[in-house]
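Protein chains: 4
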Amino acid sequence: MQYQKILDTIKEELSTKQNKGKVASYIPELAKVDPNKFGMHLYCINSGHYGFGNEEEQFSIQSISKVFSLTLAMSLLNDELFERVDVEPSGDPFNSLVQLEYENGIPRNPLINSGALVIADILVSTLDNPKKQLLDFIHEITGNTGININLKVFNSEKKYSNRNASLLHLMKSFGNVKNDIETVLDLYIFQCSIAMSCKELATAFMVYANSGRTLFDKKQIISERKIKRINAIMQTCGFYDEAGEFSFRVGLPGKSGVGGGIAAIHPGQYAVTTWSPPLNPKGNSELGMYALERLTTLTGFSIF
Amino acid sequence: MQYQKILDTIKEELSTKQNKGKVASYIPELAKVDPNKFGMHLYCINSGHYGFGNEEEQFSIQSISKVFSLTLAMSLLNDELFERVDVEPSGDPFNSLVQLEYENGIPRNPLINSGALVIADILVSTLDNPKKQLLDFIHEITGNTGININLKVFNSEKKYSNRNASLLHLMKSFGNVKNDIETVLDLYIFQCSIAMSCKELATAFMVYANSGRTLFDKKQIISERKIKRINAIMQTCGFYDEAGEFSFRVGLPGKSGVGGGIAAIHPGQYAVTTWSPPLNPKGNSELGMYALERLTTLTGFSIF
Amino acid sequence: MQYQKILDTIKEELSTKQNKGKVASYIPELAKVDPNKFGMHLYCINSGHYGFGNEEEQFSIQSISKVFSLTLAMSLLNDELFERVDVEPSGDPFNSLVQLEYENGIPRNPLINSGALVIADILVSTLDNPKKQLLDFIHEITGNTGININLKVFNSEKKYSNRNASLLHLMKSFGNVKNDIETVLDLYIFQCSIAMSCKELATAFMVYANSGRTLFDKKQIISERKIKRINAIMQTCGFYDEAGEFSFRVGLPGKSGVGGGIAAIHPGQYAVTTWSPPLNPKGNSELGMYALERLTTLTGFSIF
Amino acid sequence: MQYQKILDTIKEELSTKQNKGKVASYIPELAKVDPNKFGMHLYCINSGHYGFGNEEEQFSIQSISKVFSLTLAMSLLNDELFERVDVEPSGDPFNSLVQLEYENGIPRNPLINSGALVIADILVSTLDNPKKQLLDFIHEITGNTGININLKVFNSEKKYSNRNASLLHLMKSFGNVKNDIETVLDLYIFQCSIAMSCKELATAFMVYANSGRTLFDKKQIISERKIKRINAIMQTCGFYDEAGEFSFRVGLPGKSGVGGGIAAIHPGQYAVTTWSPPLNPKGNSELGMYALERLTTLTGFSIF
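Chains as they are written, first to last, in the UniProt record's numbering: chain A, 1 to 304; chain B, 1 to 304; chain C, 1 to 304; chain D, 1 to 304.
Check each hint, because a few of them may be wrong.
Intra- or inter-copy, both count: the list cannot distinguish identical chains.
Result set (DSS-like, lysine-lysine): computed pairs, CA atoms no more than 25 Å apart in a straight line [stated by the list, open to error]:
hint	residue 1	residue 2
1	K22	K219
2	K158	K178
3	K11	K37
4	K152	K11
5	K159	K178
6	K11	K159
7	K22	K5
8	K132	K178
9	K32	K152
10	K32	K219
11	K131	K158
12	K226	K282
13	K131	K226
14	K131	K37
15	K218	K32
16	K159	K22
17	K11	K219
18	K20	K218
It should be emphasised that the hints constitute simulated quantities derived from the structure, not laboratory data. All of these numbers come straight from a predicted model, not from anything done at the bench.
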């Protein structure tokens, strides 16, 4: 089946599907988002762009930003980075303190909150202007200098950051946070409040599908070896306590965010993104999961 | 580089490498194995068999058998199987009781001990002669009717089965074990004591690399959709608390056993197996991990 | 106020009190007990026996038996006993496996299931006929040779012993169970199914209030030093995850059982027992807790 | 034996005893304390003061202050206080985050760090000038207005407060901290850095031995009922993960601090305090525990 037909099929199926998910409510600004929004964008190495729905409307990428900050940190550092954060699935709710306690302040992986906070700490230590340079990085991989944060989300999230502050203090007590906690937390909230559309996200994730190179200007952003590592981490750790379920149903490396976005890739083939705010009980977009499962079923191949 | 040259390179590198691992000692019969044994076998869809070292010597496959029993159970049942066992990584030592307690007797996945014991319980419920039929299944996918258990290992393991008995009693208290505990434990120990060589294991795992079909006689053993699911489970759950590390370093779905064996696949490309008894602290073969990492590095592709 | 008046007051209060508890249902035989039964017996060193209600009707003492088996084991062994079981509160539901796993098979204390199973194992190792000798011990401290098990409860409990079998297998895997699991489990179920009345239990517990001596024949059953230790253990560990609440509300060392019984003591003053089958969510008798709280309030002294 | 002779015996025994403990080092200012200091003071209701060694030298009372802040909070509030903090032993290292996470931000008891932080939050909400009023309270129960904080300890502790900040942020995320985190933390560190001698502490703890009244001026500080509750909490929760061991060996309600102090009481009889900086692995004063065990052995009575 052709990609356009496949997306048309998914679009039609979605129109009749009831959405049992719930929009994230822990931040007031996220709770205001229209639950009926749905966008999907597929960006193929060989045949370009496909999409439908609200694919060009920006939303809060939230935890999907963890992939970008990890990539930026890995482009600056080598394996010493993995002395401060492990690469194992967490097997626990995404912001739990339990394993961190047992494992002496070393987060299980860079895609859970604690791990992303350590990455933020590393960026604060390494970069002169981490906020600007993280945005620059996203501009570079998307070719779009207009991408920025949603200031309302940023300010809203500032007020509800106690759990992340708790994680930072705990890791600092183990010596695994080097900088001022306010500064690290500020960078982390900044990255979570970046707003991108499905189309922009798919363009950015093409770097992961295309061996570390942008497709539009063939620029090598990070080494092929490091991109493989990031993809492996997304595969095992990208979906909170549902990494196995996603791997099982969809079979692609990817990352979700509580804003309702999901970005996934098929190495050598395509990047694909969805946006639907209502989340399932494990914190991943209900309809996004469904759409991606249908995509790999209808195309007939996952990475497995 | 050609496959034969790649294996030659790995063989040479291994000859100079010190092995820091330790042979599993919890069963006396396993502790007797010569730590210097090393075998590797690569079975490619397009170009056939390659290998070196003790690739034709049989060893105790131990937990690698969990993949075969899962496959047999999935060939007999549909999604109802996953009401009794989840598909999430465990994030904990392989035979821990903790998560099982918190999750009401539902194991995290079918490749940890608790999950494999539930699969054994399902086989006892479903099959007339589960031991014989599990061996028949292995004979069918290898084309080799000589494969059998190592009786010494079987008897030795019988004496050290308290942790697995504990898991079974706990799951039975939650209603997730239906049969007599002795019978289920007997089947589980039987499957762990099956002896196979690297070459035989690679032939068996070709089914997982070849969309559910044997390569030697093109027989469809299980549906393509189910094979993808099993591969996804191996990817996220196949290496105890080192699934992420294996995914990160090697980038292939696979399964290891405390006998020192590892079997892995590249879907559509090859099955590969290694055997080296000394294990790293997380219970996976030290040199096996190294050899497979070198394989995907030198061939230039992992699934990512 | 005189003791008889205090008991009269409590009796009157109870007559108007709604019982929100639920009778234990995990064993069919226990579920059959009449929830309206209530007995209370107070046995004072200086002034003898007081009581009301179903104080002379026998019920299944269940976990209260753990105090008797501990006392028997401590009369046979010295501090080496505490190398196999700790004396710290468990801070967890009474039959949890979690802490046992983290603490290498050493139970937190002898009054949770795992700890009482280790004590049973010790009795099996030390005594020729542990069942008979445990009953003999109870006969000796009560002066009543008619006390025996309830055979229906014993047989019923035999069928629902998976969690305790799980604990035994786990501890055996750590080397902290020395005997055959069936034998140890049999003794444990035997002791739980002993039937005693409030009056008989209060007579038995007088030993703990009276420095290790029976009151009726002044026989020293166990040293004063050891009795103090047992009382200290009852104080911190006698009420599952409600030890603090009981200490806070009642302020006496004691032990409860899922049969609805509670036995408590005021050292140097009295032993007191209650029986009311409906349990609160933490597994202790709802009305028994209330009656004991009223007793220490109305008498104006707890041990604090 | 007379009290003075008993203390003489203990003093002599201590002179030959090797101290295997280690002085707390997590705060530089505490690490500087002379490990050879030892003081003991016994204050009897009927016969007054006894003591020896460095009994009049002030030290940092640290966690012993939690008893005073709890008493002050209980004198201001009724049972609604126990909706925000439980009264169960923690069964875990004293500053663990684990149980707090599982129990939705409600600390297990008011004598672990998390619980004492909630009490500090309550004092900030309830009092105009909590620091001054807490000192006033201590002045009132000791009759000594010279007691104050050690400013060096206070400043040193300020720099090492990440774990407590982590606890506060976590509890705030559950809604169980109402005030600004800096303010609550400041009060908590203030109370921990109060400096008192063994003699002063014993005078203060007489209130707990004497049914809520000071002995020197017979003033009722708090109701008898509430004092019993505090004593019950000290009994089950006063010694971190060694509450059972202390109850077992010493048999008195009490509280220890990482400064090396221990205060304990025998209700109706005496208050007793010890100070020896080296701590055992569970964080309680090694020699202090020994001295108190000898005291209850030689006097021949504990509360049990």
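Now for the hints, and whether the structure bears them out:
no., hint, verdict
1, K22 - K219, "neither (39 Å within a copy, 45 Å between copies)"
2, K158 - K178, "both (21 Å within a copy, 17 Å between copies)"
3, K11 - K37, "within (13 Å within a copy, 56 Å between copies)"
4, K152 - K11, "neither (31 Å within a copy, 59 Å between copies)"
5, K159 - K178, "both (23 Å within a copy, 14 Å between copies)"
6, K11 - K159, "neither (37 Å within a copy, 55 Å between copies)"
7, K22 - K5, "neither (29 Å within a copy, 55 Å between copies)"
8, K132 - K178, "within (20 Å within a copy, 35 Å between copies)"
9, K32 - K152, "within (11 Å within a copy, 50 Å between copies)"
10, K32 - K219, "neither (38 Å within a copy, 54 Å between copies)"
11, K131 - K158, "within (15 Å within a copy, 30 Å between copies)"
12, K226 - K282, "between (29 Å within a copy, 24 Å between copies)"
13, K131 - K226, "within (23 Å within a copy, 45 Å between copies)"
14, K131 - K37, "neither (29 Å within a copy, 53 Å between copies)"
15, K218 - K32, "neither (39 Å within a copy, 55 Å between copies)"
16, K159 - K22, "within (22 Å within a copy, 42 Å between copies)"
17, K11 - K219, "neither (33 Å within a copy, 36 Å between copies)"
18, K20 - K218, "neither (41 Å within a copy, 43 Å between copies)"
In terms of the numbered hints stated before, the structure departs from hints 1, 4, 6, 7, 10, 14, 15, 17, 18, listed from lowest to highest.
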